[in-house]
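Asks: Quick one: dock chain against chain with the hints and give me the complex.
Protein chains in written order, with numbering that gives the first Met the number 0: chain A, 0 to 264; chain B, 0 to 331.
Bear in mind the hints are in silico, worked out from the structure with no lab data behind them. Think of the CB as a built atom: it goes at the ideal place given N, C-alpha and C, for glycine as much as any other residue. Where hints are given, some of them may not hold.
What the hints assert, rightly or not - No farther apart than 25 angstroms at their CA atoms in a straight line, the calculated lysine-lysine pairs in the DSS-like style are these: (1) B:Lys-234 - A:Lys-145; (2) B:Lys-268 - A:Lys-252; (3) B:Lys-234 - A:Lys-252.
As the list claims (entries may be wrong) - In silico contact screen, one side only, chain B against chain A (beta carbon under 8 angstroms); selected entries: (4) Phe-181; (5) Gly-238; (6) Val-240.
The primary structure of each chain is shown beneath.
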Amino acid sequence: MKILVLLKQVPDSDEVKLNPETGTMIREGVGTVINPLDLHALETALRIKETGDHSVAVVSMGPPVAEEAVREAIAMGADKAVLLTDRKFAGADTWATAVALARFAEKEGPFDLILAGEKATDGETGQVGPETGSMLGIPVATYVSKIVELDGSGITIEREVEDGKEVWKLPLPSLVSVTKDVNEPRLPTLNGKKLARNFPVERIGNDFLAIDPSEIGLTGSPTRVVRIGTPKLSRMVEMYEGSNIRDGIDEIKKRLVPYLEVNHE
Amino acid sequence: MNDLLVIAEKRGSEIHSSTFELLGKARELSMKRPLTVSVVILSDKSVEEDSSSSLFSGGADRIILAVDGSFKRFNFEPYTKTLAAIVRKLSPEIVLAPATTSGRTFMPGLAALLKTGLTADCTGLDIEEGTGNLLQTRPAIGGNIMATIKTPNHRPQMATVRPKTFSPLKEAYQSKCELVHFDVTPDLTQTAVKLIEFHPIGEGQKGVQDAEVIIAGGMGLRKVENMEPVYRLSKLINGTVGASRKIVDSKWVGHEAQVGLSGHTVKPKIYIAAGISGAVQHIAGMQTAEFIVAINRDRNAAIFNFADIGLVGDAVEILNELAESLESEVKK
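Extracted from the complex, chain B is given alone in its bound form (with noise of 0.2 angstroms):
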């Protein structure tokens, strides 16, 4: 059978949610396709039993552990002569990897060494009917439109995805939990280049990316003011700031709040877009959103066809007048 391999993405000695999701993908295309899905392991101990089988049942047929101490955190040549390796034992038709500063970057030296072609950023994959390909859809420069990119004659077809794009298994799959373990040679390993210090982001930060209920505003509130009622409503309802672009460019909020394509992709249960017009890069980090409220003044503003509910009418008026009666709930 084909394989399909998903490179597994830590947080210290946890598999990150984004491996589970990728599962979750792998498994649909393997409907259409037979494919053996393996998750591949980088670390520098091996994992704990509860990881793999959750991992097993989030929809992995083998896991493949390669140990080394070079793997503590990511670092680009043993990452890559390591996974270069591996792909040429197995042969894989399918490599994913989440689309994170680690997977963003050994993907690309992954594809240089394997003289394959790799697709960044996607929203969408598929496998086309006949020929067996891998359909990989991002979304593409400027103006509104995406691409759907293939990789016809070089194998494997590599692709990588933002974190919160497809969604993790809901009911457990039944796994042959085969685990093996790759013999990581020294060639593979060796590296002039030395990790010297790590600083951890302190806990309790929960970013937009992990937000329930995300409020995010846009230029249509005119002014950096006009932001007061978003932080209202959101502290009302214990939500998350989000922000296009543009007003992340204009200062208004911080990078840290901006969703889109050159921000962060989201997948809270709901999302209202207030003054925001709907640039394709936005959609692509919101339209997996549960629920999507957009509120915008222009009744042909484009985030309206993305929306389950659409309010043409000012969003400072509209959020406070929510805030208000959301208030008077809180004091009944």
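Isolated chain A (complex conformation) (with noise of 0.2 angstroms):
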């Protein structure tokens, strides 16, 4: 069975820059590491290669930088690991990165199984994985918290919504997106790191996907970021502070008396 991992590397810090004129994320000179959130998706992929005879692909979209993330899958146990970075790749919305990650998945796969993460900890959209899924024209099931079964019919998962808890059984080939339930992510083991080290991590541009320059990077993408501001002042806070804190408290009594679980003791 192929199984391809969908990562994002995302800023190790909290110290990221906009550019101004795009609204997009300065990525250039900025540590990144995955995305947390898809280890778990990486972690899934390594228990189910554990069970017989599977192979794990990475792939992610970002600037050359974001290699040593993609090395990193590498050391945990991945077995190839792809890089699509194209300058005209940059400036990519959710839309125009599926785009491109669905077209390497058609080029690269047929791939039996397509896992990602729940959403990345800096856009927190959730959206690029759907998008994808719904790009190679494949069932989609996302916050799933666990893999039941899977075999040559079909995977079946669990998944957390708001009313409870559902099971499903998905054919091949599918795209599951995880939550940080369903596993706890290995860490990368010696060995793996060592090897990780000088493993050639495949880079990819759109000589290869060829896609319509009118889909990718931020010409393709169909949103635009027109405005960052800093969330507006809506209210006009009363301070209490010293020697008036009692009065604070007293403020805040008034309002929640009528509250009180009365006692009629």
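Replies: Below, the structure written as structure tokens:
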């Protein structure tokens, strides 16, 4: 079985800057790590690999510096690491990112199972997984908290939703995005780290993917960030401090009294 | 006239409150740009009459009903294909859906099929003067910023919105009450994906999302033992305990209590933030509370910018003092 894991590299610090012109993130010069939630997708793949004759490839789209993040996946046990990197991909929104990932999956595939994390810790949209699945025309299950069973006939999963827990069986190929409840990701082993150090990470640009330039990068992105601002200060705060604190407490008390569970002893 | 579609969120056979919140917002947008507001319901059976009348009075000009056995619970392929067919037929300008586990899944699937943009978890929606574009505002990465996003050259413009972000209409809308049945052809619902089991969550577990009063703790409480006064106060007033991301990550409380971008969005009558500094992700989850109390030792903490009352001091002492004072009220 061929498994593909979608990884995003995210900044390893909170010191992210935005390009004021385009409103997109400046990724150059910032250290990156694998999005922590994607590690659960990778762990899911690695556990499947351990059960039989399966291979695990990881793919990420990003600037050359993101190579270090995908290399980490090799150290954990992935067999193949690919970085989609091209100046033309820069500034992509979720739709234009999914276009590139889906095209890669088609060209290098077919993959039997594609795994993704719930969302990235920086953008927090969770859109790229379902968008990619939709573009590939395969079934998608999100918010998966448990892999119940996987065999030639399909994958059975549990997903947690607002009103309960669902168990679904999906045929293969399918795309499954997992939450952090699905497993605890392993740490790279020393041997894995050694292997990863000189492992050839494959770099793929649009020469290979051959996507219409109007569908990639900032040009291909339907959405545009038009304004960046600080959240509006919508309230006039009344401050209490020092000797006034008591008045402040009384003020809160006044508002809470109606909620008291009255005791008629 | 231009169309705006709200994709209804169901809980069992009921229409979820988040649908009415989006209708409220849709009516607001229609004041700036003439829009026919439709609710799209994908269901395994026809809607009850009181559901449809409440949707009409809640702001819908039209209900578009698509009935098929495969819509009993959310399933990716039947949902995205049917919604794509409905959108292609109507060519709406705007499509909105609640940012729930299903909305956050079918909306990207739908955007991919329609080759258009989608903005997740919007906290603000507006119409841009002149262009008529939908301005979609959401909290963005890391720092203290809000990003406003638009989809200038693609239609429809799509957005998901967290439940409890907007308010439903207060007064009943005078609707034309148009009910349209969409013919669901078998090619739209063909799927090899099967629901094996469903285990509903038991009743009576009212979460932080439905709470009227929330007392939320943050790292400013310093250690897990100091959550005690939070529980004490919460018990007294039948409130619900909330939490910042940091104390959930530190396992002081479970994830179900987390308020903010990666937790729940809440809209209680009273929100008390105790020892919470006010990271933008947290603010995004509670700023629409009716009344906000902030307690923090750092008088420059960002949380005070979003509060109605701010107390500078030790949250543990202040909460205990407040609890004592309320206890004496009970004994009176």
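Asks: Tell me, in ascending order, the numbers of any earlier hints that this structure violates.
Replies: 1, 4 and 6
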